[in-house]
Amino acid sequence: MQPISAEITAAHQSIDLLSARGVSKRFQSSVVLENVSFSVWEGEVLGLIGPNGAGKTTLFECLAGLIPVDAGEVQFRQQATVSRKNVLFYLPDGIRPWADQTVSWAVSFFEALYGRVSSDSAALLSALKLDHLLKRRIWMLSKGESKRLLLLLGLLTPQPILLADEPFDGLDLRQTKEVMALLRTHAAKGRTLFVSIHQLTDAARVCDRLVLLSAGRVVGEGTLDELSAKAGVTGGGLEEVFLALT
Amino acid sequence: MRSRRFFLFLQKDLRELLASRACWILLIIIGPLVGHGFISAVNLYAEASGIAGGPAALSQGLTTLDGILVPTFGAYDLAATLLFPFVAIRLIASEKESGAWKLLMQSPASILEMLAAKAAALLTGWIIAWIPGLIALALWSSYGGHIYAPECMNLLLGHLLRVGISAGLAVAAAAIMPGAANAAIVTLAFTLGTWALEFIAAGRGGLLQQIASFTPTAALRSFEQGQLRLSTLLAICIFTIAGFFIASVWLNIGLRTRQHLQRTIAIAAILIIVVIPAANVRAAWDLSEDRRNSFSAADEAALAQIRQSLHVTVYLAAEDPRLMDLDRNILSKLRRILPQIEVEYASQSRSGLFESGNHYGEVWYEYQGQRMMSRSTTEQIVLEIVYKLTGVSAPEAKTDSQFSGYPLAARPTGASLIFYAVWPVLIVFLWWFDSKGIR
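Going line by line, the protein sequences match chains A and B.
Residues in the first sequence are numbered consecutively from 1236, following our numbering.
Residues in the second sequence are numbered consecutively from 111, following our numbering.
In isolation and in its complexed conformation, chain A is listed as follows (with noise of 0.2 Å):
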């Protein structure tokens, strides 16, 4: 699974789906975020990496409006965001929603709420392997398998960008590649992901270009060969690049 192309790349980073301006976010005397300023463009994967206690997650849900900023804005389009609900949809990691129900129904609610077809979760359901689950309860799911339930409930959105906390997580190595190659596909027919990975080697596989975020700073943003210029790293892969910059 190779990234899209640099040539590729270049084509769509005239267009700024999504950018992030000065935010900061702290709780209490913590500061959690401080001036994290990157762009989305239209179509790519973009990869959120960097050590635990970083921010990661409370990026994205800053982004995703579920937490408020101290400072900074989030534009689409190069307009403030009036309704960050019209324009993306945040998973966030290590949650189980409606455990008791099945996941046909889960699945099925989706699909309603979104105005989906049963056929585009027929179709997901497939490719995530979850079509031998339906019947069963949420709750009796592993890791992996609520983790590609959460993955299908986000491919159903039809928001323009999808952000991903760690979707990789509790994935084998298999059921990994797999995911990558249909996160891969989507952002083929024009949806922009921006997902946050741990697993550097994860990330430098299925990211068109990458975020790194250290400390609550945005520390390098760019492809893995912009990266490993500004990390004055000759020849090494994202492990490197990711040490000499964080």
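Hints in this document: simulated from the structure, not taken from any laboratory.
Some hints could be false.
Covered stretches of chain B, as calculated for chain A (at least 3 residues, CB under 8 Å) [unchecked claim]:
(1) 151 to 157
(2) 293 to 306
(3) 514 to 528
Label-pair restraints from in silico Cβ distances [to be verified]:
(4) B:540 to A:1369: 48 to 58 Å
(5) B:218 to A:1308: 22 to 32 Å
(6) A:1303 to B:218: 17 to 27 Å
(7) A:1313 to B:302: 54 to 64 Å
(8) B:218 to A:1361: 18 to 28 Å
Don't be surprised by glycine CBs; every beta carbon is placed ideally from N, CA and C.
Fit chain B to the supplied structure of chain A, relying on the hints for placement.
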């Protein structure tokens, strides 16, 4: 589109209700609770009606409202106070705690729309919980018991409003507090607070007593007396709606705490502005069959001619039974008829046992500077004083027919089986059926 979405959320919330153990436990318990109230009431009614062979004691006192309806539906007051809040809290807290609320916040539906669906689901659940009560009414009818539809419907309305307050309070607590347990503590603390308020305000008069008359238990009591007071109806509806609005503010997790507080204060301010005029609305209807909350039609027509303010000063303590008689037999009826009546409770003690003043036991009536005193709590004597004081001619003859009561010496046949066995087994079976995923 919007209505389709509403029904989608309603369906979701009904499924969540069915997944809630609290809801099933409420349904299981409500059957025996209602059954116990009903069976005891029917037996007592039968004894008072002379089932043991003696004559019916004071048959005019044997009304279905007091004898059967109030004790049977009393179980619902208990359930609305101690069980239903947990069901309502769970409906909000489970989505907050599981992360589902973060997904729902991003859906096309507004928070108020989602809360409206939750309110409708809770109402549906409560109406299902009414089935044992309705079975009790059907059994009473089958025994030959009399049911007067207006007072029965009025009582059901009172219980519906009672649970509305519980829902508003529980939903607001669940939205504000982190965790279901904290929300439950807040809800129960509020309920205890209203009981304390009622106790403190009893017989005090003034603003405190007026506020206390809108606590859930006190409000329900007026419906149990066969009264439909517009002020109570409006105040309860306003409190309930305010609870849901406050919940909508706190469920908007994208706001700062300061914004939550500001909006809550704004809602509280609007609540006060709206509820004060609503609480002063005098319109009230006596829907009891025995017209216990009314003077005779002739007296009411005569009293309606009084245009100026009648001031009543009562020197009776809160726990003095004479005060209760005076309130029930005279003052509550006068309040319905006279547009301007002011009642002042002048006693300083709760029991009156050690009251030091010389006036204890007196009730003074004042109209346009003239005063008259009586110690009586009897309707005929007090009305005579009011007529004398106001110069209104007392009616010549009272043509109202005397309420004769409905004695019925019947045993609650079959009730034990239905409420103690069939109902709980049926609910347990439905719970098992549901938990197996056969929906």
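Taking the hints in turn, this is what the structure says about them:
no., hint, result
1, 151 to 157, "violated (count 0)"
2, 293 to 306, "violated (count 0)"
3, 514 to 528, "violated (count 0)"
4, B:540 to A:1369: 48 to 58 Å, "23 Å, violated"
5, B:218 to A:1308: 22 to 32 Å, "23 Å, holds"
6, A:1303 to B:218: 17 to 27 Å, "21 Å, holds"
7, A:1313 to B:302: 54 to 64 Å, "56 Å, holds"
8, B:218 to A:1361: 18 to 28 Å, "27 Å, holds"
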